[in-house]
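Residue numbers (this note's numbering), protein chains in the order written: chain A, 1 to 463; chain B, 1 to 233.
Hints are not guaranteed to be accurate.
Here chain B is said to cover these stretches of chain A; the calculated rule only asks that three of the stretch's residues, wherever they fall, bring their Cβ under 8 Å from a Cβ of chain B [stated by the list, open to error]:
| no. | region |
| --- | --- |
| 1 | 239 to 245 |
| 2 | 254 to 263 |
| 3 | 448 to 457 |
To be clear, the hints were calculated from the coordinates, so they are not data collected in a lab.
Where a beta carbon is used, it is the ideal one built from N, C-alpha and C, also for glycine.
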Amino acid sequence: MLFLLTVLGVSLRWGRGPSVLASFLAVGLFDFFFIAPHLSFAVSDVQYLLTFIVMLAVGLITGQLTAHLRYQAQVAAEREARSRALFELTRELSGALQTEQVVDSAQDSLSRELHGRALVLVLNLRDELLLPPGLDDGPDLGTARWALDHGQAAGLATDTLPGSAWFYLPLQAPMRARGVLCLRPRDLAAVIQPERRAQLDTYASIIGQALERVHYVEVAQDALVHIESERLRNSLLSALSHDLRTPLAVVYGLADTLAALPGLPEAGCEMAQALQRESQRINAMVNNLLDMARLQSGAVQLRQQWQPVEEVVGTALQAMQSVLGGHQLSTELAADLPMVNLDAVLMERVLCNLLENAAKYTPPGSRIVIKAAVQGSELLLRVSDNGPGLPPGREEALFEKFARAKSETSTPGVGLGLAICRAIMQAHQGRIWAEATPGGGATFVLALPLGTPPALPEFDDHE
Amino acid sequence: MSEPHPVALIVEDEPSIRRFVRMALEAEGWQVHECETVRQGLIDAGTRRPELIILDLGLPDDDGLNYLKDLRAWSAVPVIVLSARSEEADKIAALDAGADDYLSKPFGVGELMARVRVALRRGQNTRGSDEPASTLFRFGEVEVDLAARRVLRAGATVHLTPTEYRLLTHLISNAGKVLTHRQLLKLVWGPSHVDDNHYLRVYMGQLRQKLEALPAQPRHLLTETAVGYRLMP
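Chain A extracted, bound-state conformation:
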């Protein structure tokens, strides 16, 4: 009995092999010491043989069972330890709000788990994998990239580059892979054993999800900051616009009232009209400056609608009536021009600026022609005059901010008009350029992309 207890103890402590040895030893020792003739392995009575066999069998079976139990207990303990590690990592990651926190927690947890080295490489905003600096025998970026792009494990003990010292596992998340987990375990079993491989996959997916969550937190924060700065800019611009326009409206209105005042001497009336004209010019400048500020800050949202260009040309001419009084104006627009998708307010501004320039830089009585035609996939709108024309070679420079045709000139303006025209045309995916009018003068060409206008109702036109 004592011998059996020893076997039990041995198997419990050292496992299967030693328990077998202990069983045989127990039978041998029993024979040697207790069976006559004593202190010899010889057996005098045959019936003891049976006792030995039974004893050996009991010893072996007990040993096996106990050893199995021990193994099971060991596996359970290991599994428990792994689950605990996983649980702790999950808990740490769920609290992480930044990519660095996720990376640090994951690396700590995995190095502890594998008794080796663990590195988490995360895709940055430009979609690149970067190694942390100061690493001599670090993982190979090419292999890491391969694992990421193929969504498969690579490196140590896999089908791809099995000879390398590192093991690479992509960090898959619901939307996409977010990075690569690089491991250098102390013992190979960590990546070969199916159970532990499965464990590593779980780690990878938990880390991947944490990275994705953090990524979206960052995206949301960025968006919030962007919206906030946009709001600030817009409110600033509209406050500025209100504060500049209100006094202008007052000056304009009062000058108008003054000009109509009965009994005003003629000189006074003229002055009032001059006041009115000048305030209108300031207004145009304020409009240009504010529009430029809006366009440059990217705060402009195009309100594009499909419409005939004829309408925009009409409103621009209407708005510039007072300026164009001294010029001969004509329009040559075909009746069957396709509709274009444009922001009427901004396009009117482009045309007004061009018309104003034409009026400003040509002598009174000059001809101004607006033509429209389809050319290729664009609608070309030309504003031509027969004035002195543009300085040759400077056609492009005119579109720069604060550019003037001549640097020293009495013609008023700050040179923002054409820069705004270009910015507006670019916002429309269109182009604007200047060329010489055949026979003398300047021509500005607007090119707007044609698209597919929406369908029109067909129920009309029959009575």
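Using the hints, position chain B against chain A.
Same frame as chain A, now just chain B:
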């Protein structure tokens, strides 16, 4: 005019603008009240019973749009809205909320009084105090006989499609007043087409081709950029 001195109410926070608007109105025989806030403006609209309200959209205490919505719940008095350029969305919202017309700052006295006259005439028509509107309407060289559904241009009959004619009649019955794209689309094509702006633009273009001497430089069928259209007789 039924009374010798029609009453106008100016709701505007900028005293200098109030001043010249007041002078312009008084020069044409109006009796003018001024107030600076939406709250006071609503009270005055109730107590003074004005025949015209001139409302600035950018008031300090509340949105001019709320003023319009409150006012329209109990009054049909003509309202002209003052607003800065580049705030087309505000103008459209105000017009759709029941404003009769708008003026972009800066505006001249002549423009203001033209709008005032149109709004006042319309105010009297809706009250039904005048004789029924004439069935003949003229603008430029165009003559529209609303009873006979006939359109003449320089004496010659112009053929209009049913939709073009319907569009024209709505413009005529609101002559001088701006109609937003939305309002016109609803009137001509029905409420399910209020966002089909391109319908309107195409038919407006066709009307201009048939009725205007220079369709690209219309004198009567005018575009209010990004807002709507106006028929100026």
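We went through each hint and held it up to the structure:
no.	hint	verdict
1	239 to 245	holds (count 3)
2	254 to 263	holds (count 4)
3	448 to 457	holds (count 4)
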